[in-house]
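A.B. asks: Sequence:
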Amino acid sequence: MLWLGICLFLLGSTQSAPVGPDDQYQIGTGIADVTGPAAEINMMGYAKLGQDTSGIHLRLFCRSVVVVDNIGNRILYITADLQGIAQILKIEVVKALEAKYGDLYHHENVLISATHTHSGPGGFFQYLLYIFTTEGFITDSYQDIINGILTSVDRAHNNLKPGNIYWSEGELTDSSANRSPAAYENNPKEEKDKYKYNTDKTMNVLKFTDLNNKPLAMVNWHAVHCVSMNNSNTLISSDNKGFASLLMESDYNAGQLPGKGPFIAIFSQANEGDSTPNTAGARCIDTGAPCDFITSTCHGKNEKCVAFGPGKDMFDSTQIIARKQYQKAKELFEGNSQTKLKGPIQYIYQNIDMSNYEVKLSDNKTVKTCKPALGYSFGAGTTDGEGASMFQQGTHVGEEPKFWDFVRNLITTPTKEITDCQSPKAILLPVGEMTFPYQWAPNLMPTQLLRIGDVVIAGLPGEFTTMSGRRMRDAITKAFADNGQKVKVTLSGLANTYSNYIATYEEYQMQRYEGGSTMYGPHTLQAYIQQFTYLANNMAKQTRVTPGPVFPNLLKDEITLKPGVVLDAPKIGHKFGDVLTNPKDTYHKESEVKVTFVGAHPRNNAKLDSTYLTVEKLNENNKDWDVMATDANWETKFVWRRTNAVLGYSEVDVIWNIPANAQNGKYRIRYFGDHKNILGHISPFTATTNTFQVVSTFYY
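Just so we're aligned: the sequence shown equals residues -16 to -1, 1 to 684 in mature numbering (1 follows the signal peptide of the UniProt record, and there is no 0).
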């Protein structure tokens, strides 16, 4: 009996007799809002001071899928429209799930990943490095995400139904370019020769249906950065992957508003570390000439070298890259080359200390990873978003600007140990040795594999470059093959925590941005390959691994220098919600409506699963007003601005770009706000514009 109990535990959960065939699963799907504070919070992604939220273009959503096999094993796969998954998010989400659902959900069978948008509010990480530009920890940003994730999971958990799962794969060749080709070219020639492209064009798709093959959900993995919206943007946006989700969901949720239908489409990340959506390439913005190949500078200045997307502006580029992903995903989702999955669900998970992980190299030499550190190349930024002008990519140890070495040393001086271990990186921030006022960067990393039949999902805790991901995929595939099992491996990037980049050893030598941001030193990738091979071998053998060291919980240590909302007040002679600019009487389709209200601070109410605005059309049959769009729709923008910080005045613009397929008729725009008085009491208010007509556009 003891042996039987152990075997049942190793397979993933307490099991019972099979219920139904092994090619049918219980499938639950859920979606919820994680948008967070829409004003005056620094965005997480570009680390650019002053890039603070000032409204919403696209809301951020969390999408969850629960899968249970016929003997009761289950996994929970979550993707949120966030820059990354803070370690504290995984800790607190799992804690809440365990409190509510017992042993159904735990660290081992829950994978939380991020789309990697750079246009969402920050401040939700527990390590100081990632909340520096937000002036510390932002409680409402963190709590809005936690609440949204848990709501999404609750909806999935309570929505289980029997169904089928199908796998398909293909290539999307025109959505990405390599932003660090100099580093990629440093990989071995025989390895590069195996591949046609210098970015990973793979797209993998899981299709979830009910027993009648009615679509329930789609999950796909494709490697491309969510940086179509550049660092001049201050409107919250889920970027290209988030909009791709909305496009596909609108196809299967006819007549539903964003985030409201039963079908969900998850566009997850993969090995996107060096893959940019800015496919028009980088050039010197002052001369139009190519940037320096090694340093991505123009006349020594990194801010002059900028990469451009395929569109006329960042909004256009976002929708172009989104549509490419959506169209390819839908083609695979509806295509004939699909494999129906069957077989049990498995999961395996282990935390490791990446600051001191022993790695055995191919020549039997043993090395170790390093305490985390970031190089001068990290400070230079990328062609997608420049860093500080005094830094350059490609800076090696011994090439550091001496003045900035001096400035750094006033804060902290890297030890010889970390300097030698990280070589040839020129260390800008030895974050693994920085503990004031508390820990700056993580040492412990989660590693995880999920399995549905013959599909294995690798939860990668960072941004793997193209070649790093290819090596990882091959290593996991080989580990299963060595155990007599043929599997399909898909990479789920930015999973369970965030740890910057993972470049190959050869790319690391070039010290481009990705190498300078590979925190645990030159052997980081090989350490992860060794670890995931270990997990794959144990999963194949159905043997248990220890959970590893426990993550620290630093919530009690968090500090913030960012004040909350003190008060709101309407400008003299007005009240909250007064319409300062009404719409014109008539608009043609494909034109823009812009109205302005006396506003209040959006941080008073994040409006999760709700909206700050509606575009409404009069229903001529019942004389009710039908909501045609909210602040989650592509065609709307909610823009907030402070007009007097001392007195608490603010205004709100609502912009509606009328779609070509909009219905003719009578419309109005409404604004839903909440204002705070000097005593801290928050009160809601609603504002409504005059009505206006939308008429057809005629071309001559």
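Treat the hints as calculated values from the structure; they're not laboratory data. None of the values given here were measured: they were computed from a predicted structure. Treat the hints with care, since some could be wrong.
Stated by the list, open to error - Estimated spans, in silico, between C-beta atoms of each pair: (1) Gly4 with Thr681: 47 to 57 Å; (2) Gly4 with Lys352: 26 to 36 Å; (3) Val550 with Asp7: 54 to 64 Å; (4) Gln240 with Ser407: 52 to 62 Å; (5) Asn645 with Leu144: 43 to 53 Å; (6) Asn348 with Leu545: 48 to 58 Å; (7) Thr419 with Lys344: 43 to 53 Å; (8) Ser680 with Glu82: 48 to 58 Å; (9) Thr271 with Asn645: 41 to 51 Å; (10) Glu155 with Leu592: 35 to 45 Å; (11) Asp194 with Ala83: 27 to 37 Å.
All C-beta atoms, glycine included, are put in the ideal place defined by N, C-alpha and C.
A.B. asks: Taking each numbered hint in turn, which are not upheld by the structure, reported in ascending numerical order?
C.D. replies: Violated hints: 2, 5, 7; rest satisfied.
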